[in-house]
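Visitor: If you're matching them up, the sequences are chains A, B, C and D in order. Position in the first sequence (from 1) plus 255 gives the number in our numbering. Position in the second sequence (from 1) plus 255 gives the number in our numbering. Position in the third sequence (from 1) plus 255 gives the number in our numbering. Position in the fourth sequence (from 1) plus 255 gives the number in our numbering.
Treat the hints as calculated values from the structure; they're not laboratory data. Be aware that a few hints might be false.
Same chains, same label: a pair holds when it works inside one copy or across any pair of copies.
To be verified - DSSO-like mimics (lysine-lysine), calculated; alpha carbons at most 30 Å apart, straight line:
no., residue 1, residue 2
1, K361, K267
2, K265, K357
3, K361, K265
4, K357, K267
Number of protein chains: 4
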Amino acid sequence: MTAEVPSWLKLKRRVRFSDTDAAGVVHFQHILGWCHQAWEESLEGYGLAAGTIFPGSRQDDPTIALPIVHCEAVFQAPLQLGDVIDIVLEPQRIDLSCFEVKSRFKLGEQQVAQGCLRHVAIHATSRSRCQLPSELERWLEASCLGQINPL
Amino acid sequence: MTAEVPSWLKLKRRVRFSDTDAAGVVHFQHILGWCHQAWEESLEGYGLAAGTIFPGSRQDDPTIALPIVHCEAVFQAPLQLGDVIDIVLEPQRIDLSCFEVKSRFKLGEQQVAQGCLRHVAIHATSRSRCQLPSELERWLEASCLGQINPL
Amino acid sequence: MTAEVPSWLKLKRRVRFSDTDAAGVVHFQHILGWCHQAWEESLEGYGLAAGTIFPGSRQDDPTIALPIVHCEAVFQAPLQLGDVIDIVLEPQRIDLSCFEVKSRFKLGEQQVAQGCLRHVAIHATSRSRCQLPSELERWLEASCLGQINPL
Amino acid sequence: MTAEVPSWLKLKRRVRFSDTDAAGVVHFQHILGWCHQAWEESLEGYGLAAGTIFPGSRQDDPTIALPIVHCEAVFQAPLQLGDVIDIVLEPQRIDLSCFEVKSRFKLGEQQVAQGCLRHVAIHATSRSRCQLPSELERWLEASCLGQINPL
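Only chain A is shown next, with the shape it has when bound in the complex (with noise of 0.2 Å):
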């Protein structure tokens, strides 16, 4: 029996004019950004706030950096605009220090793609590994809780 999918990992996006090239579709590109900003997205939804654990915000810039260490996509229908895409993210802790998030990206029933970000934490000055924010911790406990296949 599989578990609900969180609400918080349940997203919508509706492709954009400067998301096409001049080959008519969605540019492969955008995608990378499209699964950063769901998980942005998630985060939120989840209940933390952005400046918790990006720099960048008008409150302090955390003392851990989540800097990407490896991303991956896979492209298997074209999308359009005026597409809306129903995105389903997937968090993963894989060490202590190391978690990584895919979204799937469906059009009605069809996936039409797939990426994913893979992250490490470091202290933002030292730039060395350490343990992952707690606050992270537990938006990756809340969305792992019931997951049978995580991947």
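Starting from the structure of chain A, add chains B, C and D where the hints point.
Guide: Chains B, C and D in isolation, oriented as in the chain A frame:
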């Protein structure tokens, strides 16, 4: 007495990490992108499918294109990651083949930026000037009803 | 008699696939990005390291920031993938804490677009207005020598 | 004995301000864009006009499209504004209708990132798989000559 702003001209947007640059605030160029995206969202909110106005959708491309001939923006205060921005659009017809859309960006009561995109209508293949598409005319008319000081 | 344009104000750029949109031409927003990038390249061509003027380099961030307060662009002809664009910059000091840089984009003899970015100098931490950094002053002075009709 | 890398597979790029984010380093997504732009530059360096391979040029659009079906990147060290990056491309044919291009990004002697884009050839209108365009085949063959460990 000021008329009520129609619902499809009032939008919201949250600043994302990819909107920022190394100065720790929103990179100027993204505000221009927001203007276009807000306009697309407004057309949808009014009831026009994106493919009626823009190429690249699952419909046939429209026969009239609406290239931007002028754009402008003013930046009044820095925007930060996580800020939730209220956007109000003020469209205005310039002549039979030309219109512009001004976007005001507000953070609470403070205006933080405004941008303006001016479009002309051309036949997509011959690129000769023509009248605005009738669907866009309807959106313009409905949007300008009751505007007293359009700019 | 017109003075020669200094070499660091003359640049070239080729239109890339990611610059295009589903209308098959360059998306308007990228032209604004080109203006900033051309300015960065011009500073380098004159002999200023990027980190002297912008945050985010391997040097300490400069104490003076130069946010854009206004930008504007005119689009006179469509730009296509593969086009090689000549760019000529026309910097102008506005006052002790403000300057702007106009970029003219030409395809052969035809001007296809122009853009203009206006910057003010502020202390990076207090964000209060201040004089332009002396390195930028030098670039401005060297660039404006002999300009008869600066705009 | 390793063969010499052909000149059109060796490129340079400087990190611009718009490549950075509020963490003060290059935003991950731009590296994927660099991979595509480096590939475009390589085709030109070999002698192929952009319009032979990509839609959106002043020529007729090619009848064969080359959408990306998979992309991947590894980020090994932060990139900063002003960094001059050496890029080496390693193209590889996968089968008659599929190829990929790996890009290695080096700062001096240190590899700081690598990315890989995998493309398939399809008829632009029917979107059915087909053989790679002959011009691209020539670039692939010339690029792979003498490669001993292609990946």
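Visitor: If a hint holds in the structure, say so; if it does not, say that too.
Guide: Hints and how they fare:
In this assembly of identical chains, the alpha carbons of K361 and K267 lie at most 30 Å apart whether taken from the same copy (10 Å) or from different copies (24 Å). Taking the shortest alpha-carbon separations for K265 and K357, only the intra-copy value of 12 Å comes in at or below 30 Å, while the best inter-copy value is 33 Å. Proximity of K361 to K265 under the C-alpha cut-off of 30 Å is found in both arrangements, the shortest distances being 11 Å within a copy and 28 Å between copies. In this homomeric assembly, K357 and K267 come within 30 Å of each other (Cα to Cα) both inside a single copy, at 15 Å, and across copies, at 27 Å.
In the structure shown, no violation is registered for any of the earlier numbered hints.
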